[in-house]
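These protein sequences, in sequence, are chains A and B.
Quick note: the first sequence uses this note's numbering, first residue 1, plus one each step.
Quick note: the second sequence uses this note's numbering, first residue 1001, plus one each step.
Hints are not guaranteed to be accurate.
[To be verified] Derived DEER-like restraints, expressed as beta-carbon distance ranges:
id: 1; chain 1: B; residue 1: ARG1102; chain 2: A; residue 2: PRO29; range: 46 to 54 Å
id: 2; chain 1: B; residue 1: ALA1168; chain 2: A; residue 2: GLN47; range: 47 to 55 Å
id: 3; chain 1: A; residue 1: LYS123; chain 2: B; residue 2: LYS1349; range: 20 to 28 Å
id: 4; chain 1: A; residue 1: LEU48; chain 2: B; residue 2: GLN1052; range: 32 to 40 Å
id: 5; chain 1: B; residue 1: GLY1013; chain 2: A; residue 2: GLN47; range: 43 to 51 Å
id: 6; chain 1: A; residue 1: PRO44; chain 2: B; residue 2: ALA1168; range: 50 to 58 Å
id: 7; chain 1: B; residue 1: ASP1051; chain 2: A; residue 2: GLU118; range: 28 to 36 Å
id: 8; chain 1: B; residue 1: GLN1052; chain 2: A; residue 2: LEU144; range: 33 to 41 Å
[Claimed, not checked] Straight line, CA to CA, 16 Å or less: simulated EDC-like cross-link-like pairs of lysine to aspartate or glutamate:
id: 9; chain 1: B; residue 1: LYS1075; chain 2: A; residue 2: GLU125
id: 10; chain 1: B; residue 1: LYS1008; chain 2: B; residue 2: ASP1064
id: 11; chain 1: A; residue 1: LYS123; chain 2: B; residue 2: GLU1021
id: 12; chain 1: B; residue 1: LYS1349; chain 2: B; residue 2: GLU1290
id: 13; chain 1: A; residue 1: LYS18; chain 2: A; residue 2: GLU179
id: 14; chain 1: B; residue 1: LYS1349; chain 2: B; residue 2: ASP1281
These aren't lab readings, by the way, just hints derived from the structure by calculation.
Glycine residues also receive a C-beta, built at the ideal position from the N, C-alpha and C atoms.
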Amino acid sequence: MTDWLTPAEWTVVALSLKVSATATLASLPFALLVALALARGRFPGRQLLNGMVHLPLILPPVVTGYLLLLTFSTQGPVGGFLERAFGLVFAFRWTGAALAAAIMAFPLMVRAIRLGIEAVDPKLEQAAATLGASRVWVFLTITLPLILPGILAGSILAFAKAMGEFGATITFVANIPGETQTLPTAIYAFLQVPGGEGSAWRLVILSIALAMTALLVSEWVATRVARRIRDA
Amino acid sequence: MTLSVNLKHRLPGFTLDVAFEAPPGVTALFGRSGAGKTTVVNAVAGLLRPDQGRVALQGRVLSDRATRTWIPPHKRRVGYVFQEGRLFPHLSVRQNLTYGARLAGRGNSGSFDQVADLLGLAPLLGRHPGALSGGEKQRVALGRALLSDPHLLLMDEPLAALDAPRKAEVLPYLERIRDSARIPILYVSHAMDEVARLANTVIVLEGGRVIRAGPATEVLSDPSTAPALGLRSAGAVLEGRVVAQHDDGLTEVAVSAGHLFLPRVVADIGAQLRIRIAAQDVILSRNRPEGLSALNILPATVSALHPGEGPGMMVQLQAGTDRLLARITRRSAQALDIAPGRSCFAVVKTVAVARADIGQRAEEKHDPQASPQG
């Protein structure tokens, strides 16, 4: 089963999955909050927040990576604090790769969830309130289940984006095998050494397979969840 | 329990200024679109904060601008049935029904079975709202509101989105709720037939103001209110009791002034009926007419007149203890010398009374003759 990939290549795949999964799961609560604020909130600075969330989508990834490096390196303002307070280090660690991936995927996730929230009819939430549901209960029992397709779509999209993230990752945490070397950076590295094409090709095919599977699964889940809701 | 409402609210191009009381039973808020009916109901439910005013339910203040009292919607114990049902699409019918019941701490299956039975919901419980017809959705919405154990029911045009057959399907259920619930029901409608069938009390809204309020039989038979209700839909409501079912498809109903023959009403002998007779379907005659095809001839006395702006006029009649409205031309009124105090005969064609104009009322509990209606 493991014959067709070398141990080094397996390490790359496992690390990529770990980084992407971590990035997706860790950013989900924040994405939900930001999407709620953007979809429902009426506060000054809403447009500013919207712009900041979307910035990584428009900035050159190398700029995002460099800014992350400045901010989260152990000499940086936030990185230094996190290391002293929690022993949490991002620079040149797999956690940093996850952070870079999360930041880059964040706008996609927020957009998908926000669309889901905007599709929920506030009249249903009003109806729930008249039936005795507090705001928190309305959110948990009505809003959240109804935006589940959006959350799923956003998560899969973010996961796929995280799997492919290159520029910000290599700038922020470099390309250290076993620590920060993900699929794209590994393919890049293999292409730089003579005789590396074989490994590169296998990883390329694997990337395509993973991306396709993620897309198909997301479509399948989203359709299943959305069917009941759309029919009503 | 009585609901008292006193509201002032300014909307763009429109000011609402109403005060009324709604006793137990159905109080209809009647008026054209834009009269402010939904605004009133939303303010009572707490979905809208009025600029000024006070809403109280039997001494419990729900909102009062003067004392800055504001009970949020979820603590008001107000069941709200919306025009579009607003069922939760991701929940089954059963889960929809128990949504409010759980929050009200009333998960007992006794009342659930009772309400499911009252509204005929048993065959729908496992389905999702997407698989229900419009009429079924509204029945589920009614059940959901009832099961939240409300102290007050609000219904905002619950039948307006339904076609005539679906409407006819749901109306009997509304009558059952009216007769079994012991709480005030505020019923918003712009359809006279619904109001005539359901309402105990009628409040007529026009341009954000109450122009008439009182018991349904009084308001609906008041000739001066008729123009506000719509001349074509104006008509009085009579109370009657089924006395015979005839083989030729007619139902004989005793009213205070005599007997009426109506197209078959599916009801047992002794069942209480409310019959709406449109003013334009009533013919007046000074003498008892003979050789006439119309079966229903009631002796009556003219009690009031209200000339309209056109060629017609509204005549209010006292027939036994009931009141009738007749819409005739001024020319006929003159020719027949119609004036208050004159006796005459009111003629109603049997087939003019539509099935939708006949409502049923559950028997009083103390009546030993009581028999449940199917």
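Inset, instruction - Given the hint that B/LYS1349 pairs with B/GLU1290, test it: the Cα-Cα distance must not exceed 16 Å. - result: Holds: B/LYS1349 and B/GLU1290 sit about 14 Å apart, inside 16 Å.
Inset, instruction - For B/GLY1013 and A/GLN47, compare the CB-CB distance with the range 43 to 51 Å and indicate the outcome. - result: For B/GLY1013 and A/GLN47 the Cβ distance comes to about 30 Å; the hint is violated.
Legend entry - Assessment of proposed distance window 33 to 41 Å (beta carbons of B/GLN1052, A/LEU144): Hint holds: Cβ distance 37 Å, inside 33 to 41 Å.
Inset, instruction - Verify the proposed pairing of A/LYS123 with B/GLU1021, using a straight-line Cα cut of 16 Å. - result: violated (27 Å)
Legend entry - CB-CB spacing for B/LYS1349 and A/LYS123 relative to the 20 to 28 Å hint: violated (44 Å)
Legend entry - Straight-line alpha-carbon gap B/LYS1008 to B/ASP1064, limit 16 Å: holds (11 Å)
Inset, instruction - Using the Cβ atoms, figure out if B/ASP1051 sits within 28 to 36 Å of A/GLU118. - result: Given range 28 to 36 Å: holds, Cβ gap about 30 Å.
Inset, instruction - Return holds or violated for the Cβ distance of B/ALA1168 and A/GLN47 against the range 47 to 55 Å. - result: With Cβ atoms ~52 Å apart, the hint holds.
Inset, instruction - May I ask you to test the hint 32 to 40 Å on the CB atoms belonging to A/LEU48 and B/GLN1052? - result: holds (37 Å)
Legend entry - Range hint 50 to 58 Å (beta carbons of A/PRO44 and B/ALA1168) holds or violated: Since A/PRO44 and B/ALA1168 have Cβ atoms about 53 Å apart, the given range 50 to 58 Å holds.
Legend entry - Pair hint B/LYS1349 and B/ASP1281, alpha-carbon separation not exceeding 16 Å: Given that 16 Å is the threshold and the Cα spacing comes to 7 Å, the pair holds.
Inset, instruction - Just tell me: holds or violated, for the beta carbon distance of B/ARG1102 and A/PRO29 against 46 to 54 Å? - result: violated (27 Å)
In summary, the numbered hints that this structure violates are 1, 3, 5, 11.
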